[in-house]
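Asks: These are the residues of each chain, in order.
There are 2 protein chains.
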Amino acid sequence: MEENSREDNDIVIEGMMGYERKDSGMSVDEYGAMIKEPLLVKNRINTTSQIAIVGANVCPIESLDYEIIENELFKQDWRSRKKSEIFHYVVLKWTLALLIGLGTGLVGFFNNMAVENLAGFKLLLTNNLMLKDKYFQGFAAYAGCNLVLAIAAAALCAYIAPAAAGSGIPEVKAYLNGVDAHSILAPSTLFVKIFGSIFGVAAGFVVGKEGPMVHTGACIANLLGQGGSRKYHLTWRWLRYFKNDRDRRDLITCGAAAGVAAAFRAPVGGVLFALEEAASWWRSALLWRTFFTTAVVAVVLRGLIEFCRGGNCGLFGEGGLIMFDVNSAKTTYSTADLLAVIFLGVIGGILGSLYNYFVDKVLRAYSIVNERGPAFKVLLVITISLLTSCCSYGLPWLSKCIPCPAYLEERCPTIGRSGNYKNFQCPPNHYNDLASLFLNTNDDAIRNLLSSGNSKEFHLYTLLVFFVAIYFLGIITYGIAVPSGLFIPVILAGSSYGRLVGMLLGSLSDLDVGLFALLGAASFLGGTMRMTVSLCVILLELTNDLLMLPLVMLVLLISKTVADSFNHGVYDQIVKMKGLPYMEAHAEPYMRHLVASDVVSGPLITFSGVEKVGNIYHALKITRHNGFPVIDEPPFSEAPELCGLVLRSHLLVLLKAKRFTKQRVMTGSDTVRMFKAHDFAKAGSGKGVKFEDLDINEGEMEMFVDLHPITNTSPYTVVETMSLAKAAVLFREVGLRHLCVVPKTTGRPPIVGILTRHDFMPEHILGLYPHIKPHK
Amino acid sequence: MEENSREDNDIVIEGMMGYERKDSGMSVDEYGAMIKEPLLVKNRINTTSQIAIVGANVCPIESLDYEIIENELFKQDWRSRKKSEIFHYVVLKWTLALLIGLGTGLVGFFNNMAVENLAGFKLLLTNNLMLKDKYFQGFAAYAGCNLVLAIAAAALCAYIAPAAAGSGIPEVKAYLNGVDAHSILAPSTLFVKIFGSIFGVAAGFVVGKEGPMVHTGACIANLLGQGGSRKYHLTWRWLRYFKNDRDRRDLITCGAAAGVAAAFRAPVGGVLFALEEAASWWRSALLWRTFFTTAVVAVVLRGLIEFCRGGNCGLFGEGGLIMFDVNSAKTTYSTADLLAVIFLGVIGGILGSLYNYFVDKVLRAYSIVNERGPAFKVLLVITISLLTSCCSYGLPWLSKCIPCPAYLEERCPTIGRSGNYKNFQCPPNHYNDLASLFLNTNDDAIRNLLSSGNSKEFHLYTLLVFFVAIYFLGIITYGIAVPSGLFIPVILAGSSYGRLVGMLLGSLSDLDVGLFALLGAASFLGGTMRMTVSLCVILLELTNDLLMLPLVMLVLLISKTVADSFNHGVYDQIVKMKGLPYMEAHAEPYMRHLVASDVVSGPLITFSGVEKVGNIYHALKITRHNGFPVIDEPPFSEAPELCGLVLRSHLLVLLKAKRFTKQRVMTGSDTVRMFKAHDFAKAGSGKGVKFEDLDINEGEMEMFVDLHPITNTSPYTVVETMSLAKAAVLFREVGLRHLCVVPKTTGRPPIVGILTRHDFMPEHILGLYPHIKPHK
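Protein chains in written order, with the UniProt record's numbering: chain A, 1 to 776; chain B, 1 to 776.
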């Protein structure tokens, strides 16, 4: 049982509590036996519906402590804090923001350069073989390169850091909401995310590097904030100020913004992305620091691109670091134009929400394969890679050759890697328009789709084939064990859809087809991701044209509204599917019918202000609770009263130090002198004192330890009759991990239970009260 | 005493409480006498330092109730809520957002058109007289027009709506923080704000129409949200859903964003302004609705400008609705360029913080004059108007005539109203560069300063004179009884400063002087307003050039950092000076040394669950408390326990209905049947049942009334030993008006006191604990 409960994630178990122990006088072991039953019941409620989906090897999920633990040690530290220390802290904060910007900017650039060179080499090789009419060898070279790169990416993901697969944005979003999935920001994840993303994108998958960049930025921020990695002997001692979840959260918000800024060269868009999609708590001061970080990213990228202009970066420079030129000199729109745009938005919203629906289904199907082990993951990747290669190389054969248009600035057919007019199998002076889209990097394909002026560049039929292929390739690619962003697939599908609609409606509206393609991309983005302002600004920064702002806004608003009536945004969906207990900003309506005590369940483990070591040891052993209420009892107080809350991690440090006494006496001042506040600072995930590190002998088990110095004497409390909805608002707005529920009437024990994140999850509440209708 | 306490603002008095009444068995009248002393002490602490400044005729300040009052009536209403009602509510929310966008867009356009026509007429008149060499008549016409317009604006402000003076942004900011200054969003304020701003700007004052537009947007939102104005018989009954402070806050956030969007034609900038500067609470859903509102504004403006292109709007179209064209085709910067920009930012930051310092001093000086009455206000406006006219007309005489440059696209000297090359006193084919800046609307002057290409267009000396004049005119103009925005004066001063620096450093840097002017404006904006992302986006949208983004970001970051080390942002300063109790997002460091019970003071008025009517009547009479704890006592409960909190406004409605009983019995279900939740909905400010409306006879005074149905049974509580800092975080993050402090130990009365906004104000806390060092 103990091993079993250890396997489960802590938030599931934190929910159980009650107050029987002290009253019934059971030993901790008996008590351990007693709680088996409710524990199992609870697990059934949660694991079957939610957590089972992520697979057999469930990763432990930790909640984060954003609350300031105001115990005696903290207060002592606070009182003795010198002005110079505060100054150092501020300087460090900004230095870290600078370093995050620099790091993310460099990685973003490196990522782009590597992709451009790898993919460029592959495409040139294929092209050269095709020019010599060696079509089969061309396919072999193309598919072979793709396969090798895909296997490399998959092997990294499957064997080194499984957490690096996928977009990473949902996990970062959950982290910033207070949920730490296992090793999601670990250095190994960072490494795999960077190289896996490079190989995956270069392998021709319909994936983007944007989501992975966000995750990369967050990982870099976490690495810097933790003072390096102890595992790899990279630590800086002076970063101890940042050893808490609060400051780490801020750094990771900066990192996520820097990631978007680096991916799209969109500094303002990055800030807005962090604000609108990623962060759950926001402060004005953070806005400013995030802005600084993204500005640094922009400067770094600009400098490096300048450096590359001299041809120092291999094939980089022809494409890479997307910046599209869309021409919309037209500033007045007719009613027909607007109707066309509204139509585009509505259909885009429907297709976007359908995309989410399919992604969800495919992810659930894949998780069954992926659970079987790393080898199966790699096999799945190989399958998808071959399928993608066949589509990319095979489908262009369906397309007819188009004679090159006269009077063209570009060369036609294109020589080299990127460009609008791929020759493929066509005779000289002809181009294959489908090959221009498929046999290109994704960035170049988007650039081609957004190109304005020549509305005849692509056949209707070509666009239709490309749209259908990319729409479904995008859906089946997300979820394989490769770092895979969703932005680029969605933009690709959206812009081909938009251009298609533009051509179909060409007679009605005189907007440019390139502009239609952009609006199509906007409608798909709005329909899948459901962001508004940040997408709008990102698109503006990508296209460098403010005049199309009203149309982009219109399309985004329409497609989001339409899609919202069907399902949730794709990131929210993935967060939910992964079983991450995400606290929504608003309370669910049915919570108004419940009060706090309705969802709190027993039994509860509490400690006395001065507690027997053995009791603490056993409580830590049999549960994975992270917070324990401390009750002061006579003779330390007149009646039992709630002294506060101790954290598991603090108890472990205290027990490790073995400052015990034979008698039940308060030794607070002694402890305060012995420890410093940062001895209890939160180590990075997976570090710090563990239960296994404790080595307490029989004699010490009978001794006492004073918990007062490490007890947070200001825990947030709600009365048991408090409406659950209002308790949820408090929990979420203040960013809590534990919320104490106190009795309303006097003469009862001073604490009824503790509410944790898990107790607010709809699955938990609706499991307890099946008769409640969720939407009432 | 009663009358006296009535004069003070409620938040001052809400602080007093205690629990003596029930125990000592005093009658309410004796009790009323008893609380006199602490009341006066309290008042002394606050009024002298803070509130006195705004003048003798102190306006009452109300806190807003953002908390959902979960009483029985609410729960009943919630249970019986139909799906169609929720749907109506959502549709209404969006309809209101649409209407706010439409209204603000129309007003913004009307404002611009009126200003352009009024100022244009004035300038043409002056110009024509000057052309005939009638210089004195020219001055008379110019100064006369200015004076008439100024007196009109001042009279409106002084006699009809004093709240309309000034920028309005600080008040809107305070409102969104939970502080309702008297009639700040009233219909009369809206009227005066619109016309006062038009007259003020047309009168040639160094004021902008941007701040007033924000206030206007907020007023429009409030008017719509209140279901019209009952005073003017414009009400819509179906808006009753929005009769609460929570929904009103959301609407007003939309209104503020719409104001910026209309002022600058910057929809994204508007959203970001609302987010960064105006709003204290923010939700993702609100981001989207705000974005929709600003999109509507953008569409309305675009449509109207299109309409005016045919010359339908008089003199509008030559200037108006600022959209500057800055040319920065250069995308690479040398080190010298960057150093120049950094220098610009540092000095801009210093000058910006100095600007704030002077504005504060001048405001304090003016408030002494303004307190004396409306006539003095008008006199002050007349003085400043004459001074401004003298500067504008007189200073250009110091400037030498410059021969018109050859090869110019524009006509030189300028014919008509706006343009770069004003003839003034010069011979033909010459222009007076200082007159081009002074004898223009502010928008046109900025456009001239930002014009690129010709770096010799303005003399160094001219720019210096203009900069100094505008810097000080801007300072002395803010604070007079005219709606006056701060954006334009700051941009004017900043861009002349920037262009000046650009000319001085011209040999070192090869950035354009127009770009320098823009960066100078950015540095001043950063130095005074201390916004970052929103200013950046507003400047982008104004200039329609994304390539200068990195430089603008750099300058903003530097100037804000520099200025922050001297003082606070100008809006924060004004909020503080007006004595508005603004809750900061972070707790002050010294609050960690205090606990909740340290700042709660007695005595406290509480009610029984079923209370004698007379007691309630007298409590309402002698205090202006807005929340009263309700205690259940035997026989209704076993021991005294906290039942919840009733609001003053709810008590008034209940007493007005006169459903009293002879005996002390619970009649809850009866009451629930009698009332509907919206009978207790919050009316607009100044409306609803007042104490004077009650008419209770002697017999009724001895009867009882059941308070349970209107008692909020889920008030937020903190234990008395809770750290004040953490209580402040709760208060601010959840958006409370009352926070109940409960005892830690049992056997005491169930409530210790109530914390209100005022109890968290530094003035209050430092008044109670003078030995605390504020920055420790």
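Don't read these hints as lab results, they were simulated from the structure.
Bear in mind that the values here come from a model prediction, so they are computed numbers and not experimental data.
Be careful, since some hints might not be right.
[Unchecked claim] Restricting the straight-line Cα-Cα distance to at most 16 Å, the calculated cross-link-like pairs of lysine to aspartate or glutamate (EDC-like) are:
1. Lys690(A) to Glu702(A)
2. Lys75(A) to Glu700(B)
3. Lys75(B) to Asp247(A)
4. Lys612(A) to Asp679(A)
5. Lys658(B) to Glu700(B)
6. Lys621(B) to Asp693(B)
Asks: Look at each hint and say if it fits the structure.
Replies: Here's how the hints hold up against the structure:
At roughly 21 Å between alpha-carbon atoms, Lys690(A) and Glu702(A) are farther apart than 16 Å, so this suggested pair is violated. Under the criterion of a C-alpha separation no larger than 16 Å, the hint pairing Lys75(A) with Glu700(B) is inconsistent with the structure, at around 54 Å. Proposed proximity of Lys75(B) and Asp247(A) is contradicted: the alpha carbons are some 40 Å apart, above 16 Å. Restraint check for Lys612(A) and Asp679(A): not satisfied, since their Cα atoms lie roughly 22 Å apart, outside the 16 Å limit.
Taking the CA atoms of Lys658(B) and Glu700(B), the gap is near 8 Å; set against the 16 Å cutoff, the hint holds. Under the criterion of a C-alpha separation no larger than 16 Å, the hint pairing Lys621(B) with Asp693(B) is consistent with the structure, at around 12 Å.
Checked against the numbered hints given earlier, this structure breaks hints 1, 2, 3 and 4; the rest are met.
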